[in-house]
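Go ahead and model the full structure; you've got the sequences and the hints to work with.
Here's the letter readout for the chains.
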Amino acid sequence: MSINGILNTGVKGMVTTSLATNVTAGNISNAATVGYTRRSANFSPDNALTSNGVGGRVVEPFIQKRLLNAESSAGEAKAQNAAVSVLDEVFSEGNGSIGDAMDKFQASIQNLTTSPEDTATRQAVLANASNLSTAFQNANAQINQARQDSNLRIEQGVNAVNTRLDQIGKIGVQIQQAELSGVEAGDLRDQRDQLVKEVSSYVPVTVLDQGNGSISLMLGGSHQLVSPDGQVGKLSTKVGEDGTMRIQKQVAGALTDVTAQVNGGSIGGDMKARTGPLADAQKKLDQLAFDTAAAYNNVHRANVAMDGNDGRNLFEEQATVAGAATSFAVSADVLGHPENIAAATDNTSLPSDNRGAMALANVASAPLAFGGMTVSEALASLVGFAGTTVQAANQQETFTAGALEQVQALQDSASGVNTDEEMVNLMKYQRAYQASLKVISVADQMLSDLMNIR
Amino acid sequence: MRVSDNAKFASVTKNVQKAQSDFVSAQQKAGSGLRVAKPSDDPVAAAQARREASRKALGAAGISAADAATDQLSGADQALDDVYSGLDRARELALQGASDTMSKENRSDLAQEMRKIRDQMVSLGNSKVGDKYVFAGYRDQTAPFEQSGTFVGDGNIKEVQPVPGMRVAASISGASVFGSGAPNDTFSTLDSLIAGLESNDPEAIRGQLDHLQASQDRVVKSRSVVGSLMDSVELGRNVADQQQARATSQIASLTEVDAVQSALNLMQAKSALEAAITVAGQIPQGLAQRG
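Going down the list, the sequences are from chains Z and D.
Taking this note's numbering, the leading residue of the first sequence gets 133, the next gets one more, and so forth.
Taking this note's numbering, the leading residue of the second sequence gets 19, the next gets one more, and so forth.
What the hints contain is simulated information worked out from the structure, not anything from laboratory work.
Please note that the accuracy of each hint is not assured.
[Unchecked claim] FRET-style restraints, in silico, Cβ to Cβ:
{"#": "1", "chain 1": "Z", "residue 1": "535", "chain 2": "D", "residue 2": "304", "range": "25 to 35 Å"}
{"#": "2", "chain 1": "D", "residue 1": "298", "chain 2": "Z", "residue 2": "141", "range": "46 to 56 Å"}
{"#": "3", "chain 1": "Z", "residue 1": "193", "chain 2": "D", "residue 2": "300", "range": "27 to 37 Å"}
{"#": "4", "chain 1": "Z", "residue 1": "573", "chain 2": "D", "residue 2": "304", "range": "32 to 42 Å"}
Here a beta-carbon is modelled for each residue, glycine too, at the ideal position from N, C-alpha and C.
In structure tokens, the structure reads:
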């Protein structure tokens with residue numbers, strides 16, 4: 133080996149260490165960048181640093197996969213919790229709640245047994261019956277609002293996913309081109325990973341690595357959303373024939389229903405909340421409204437009003453259980469006519485015959501037609517249902533958020549930047565650089581010594 | 019485990035946030051005194067509390083129904099007391115009038131007082147509590163006794179329902195207090211006495227003494243009936259009262275916080291938050307910061 137060779141090696145060492153310093157500098161300045169994976173300067177004998185001075189990304193593919201799953205689960209739980217939390221508000225105690233309105237209505241019926249002849253008492257019954265109907269309607273409207281909010285979030289989610297799918301497709305092509313021409317595309321890969329992670333918080337996706345820098349992004353493992361060559365299958369929503377919301381995928385004009393595959397992520401969470409707990413709560417509310425109206429009407433129709441006539445309804449008669457909470461209303465038979473409230477059983481014992489009123493009061497403690505529960509018990513079980521649903525959603529959100537944090541921590545541990553580590557590397561490279569300089573200086577001295585031989 | 023800068027700060031942020039949310043929730047509980055403010059706080063307790071709330075409301079309504087019935091019955095009892103005294107006086111007058119030593123003028127004076135007593139009986143028969151005639155049955159908005167003494171009220175016994183399903187009789191009919199139909203009813207008896215006094219006929223007066231006794235017996239019996247009705251209404255009121263009290267205490271134990279426990283929890287949450295904040299300030303300087 134010649135002395136020139138020593139010089140070359142020294143120069144190579146200087147170049148290598150400055151490249152490595154560059155890697156460290158990149159890591160330090162990106163310490164707080166979201167989605168950044170740290171690069172490591174991979175030294176190899178002779179041909180130091182494989183890539184062109186940007187270092188290799190430190191990633192754990194296995195953790196990446198777990199991270200996507202965790203994102204989907206956390207997104208789903210969070211959306212579901214947000215959607216069902218309305219039930220907590222609807223069924224909380226307090227003025228205007230169904231429970232409060234029901235209690236007051238029943239108390240006003242009880243008061244009617246004391247003073248059936250008193251117009252003010254009758255008006256109080258009407259007012260409380262009307263408050264009860266308002267409470268039913270409000271509760272249903274609140275749940276409807278929550279379902280509409282879910283729809284809105286689904287729409288927004290679909291838009292957000294589509295934007296990201298586009299970007300993922302484009303970036304994929306860029307990565308392929310860059311890497312084919314030997315350019316390091318770590319930043320692009322970071323961006324793509326971050327976008328995929330964001331998509332997975334909306335819908336469950338899996339990544340199939342094609343090996344040449346391209347990926348194919350699959351929805352729920354079976355429907356391709358982004359193809360390796362950057363083709364994107366856009367998502368859209370539509371209202372199905374049965375009135376439910378469907379998600380479909382569009383590739384080259386062809387629409388495929390992928391609702392079944394959207395079973396996670398925030399979109400999946402909102403879909404499940406709409407068709408699951410929120411719809412269930414509405415059904416139960418409808419059933420309660422229907423049964424309540426029917427139970428009071430049955431007794432009321434048999435009773436006799438101030439004019440001695442029977443056969444009047446207290447609440448509007450409802451044809452179907454579905455929608456009963458919304459159509460729950462004071463019957464036109466008695467609306468504005470307190471004297472038509474039937475509190476008597478015998479038209480010769482007017483006006484203070486309270487036997488009909490007592491029968492009405494007994495409705496509160498009599499089992500309803502279905503299920504064997506009383507009005508109060510049915511309402512209490514609805515409160516319990518609401519509480520359990522919200523509590524479970526709360527717990528699920530906490531749990532999945534914790535799981536996500538854990539996986540995130542694992543990923544950070546593998547791919548995150550630690551500035552202390554980088555500082556040590558910096559010192560190391562600085563020393564190595566100095567050493568290389570020394571090598572050059574020694575080689576130079578050797579050459580000079582050689583020249584000076586006489 | 020390798021710890022990245024992001025992870026270091028993320029865990030601190032998470033800990034402070036959790037401590038903060040725990041503290042706020044402890045603060046809310048201590049401040050509101052409510053352990054269960056919404057169903058999800060404790061679904062089972064919330065459902066039970068709802069049932070108890072409805073029992074409590076029904077209990078309260080039952081208590082007021084029973085109280086109203088008791089008012090009516092006390093009114094009836096008071097009226098019966100007055101009826102009895104009135105009839106006692108009528109008896110004295112009748113005995114005086116039946117005496118052979120009494121002059122015609124004196125009998126005429128007695129007749130005047132007797133007439134007053136009769137009027138008093140009619141108005142006692144039409145006694146009201148609030149706007150209700152107590153002896154009128156369900157037709158309690160109109161006077162049950164005409165001036166003639168004819169009963170035009172309703173013969174039914176009113177009932178009260180202190181607790182759903184528990185009906186208690188809570189009235190007495192004017193017909194059973196004063197009797198119905200001449201010559202046995204109180205008014206006919208008094209009419210006959212007045213007639214006897216006015217026509218100066220001691221024999222006719224003596225003939226009414228048994229009827230008068232029967233009237234008084236009816237009043238005594240009615241009073242004992244009213245007394246036992248008041249007892250059973252009171253019993254019903256107690257049931258409603260107990261139901262309300264039990265429901266109230268149930269709701270409290272289901273939904274309210276233990277004051278000591280909640281103060282303790284608040285203290286714990288506060289120190290946990292302070293600790294988390296202190297830890298946040300304890301992130302050591304890195305090599306970069308040492309220069």
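Each hint tested on the structure:
1. 535(Z) x 304(D): 25 to 35 Å: This hint holds: roughly 29 Å between Cβ atoms.
2. 298(D) x 141(Z): 46 to 56 Å: Cβ of residue 298(D) to Cβ of residue 141(Z): about 49 Å, so the range 46 to 56 Å holds.
3. 193(Z) x 300(D): 27 to 37 Å: holds, 35 Å
4. 573(Z) x 304(D): 32 to 42 Å: holds, 33 Å
Violated hints for the displayed structure: none, as all numbered hints are satisfied.
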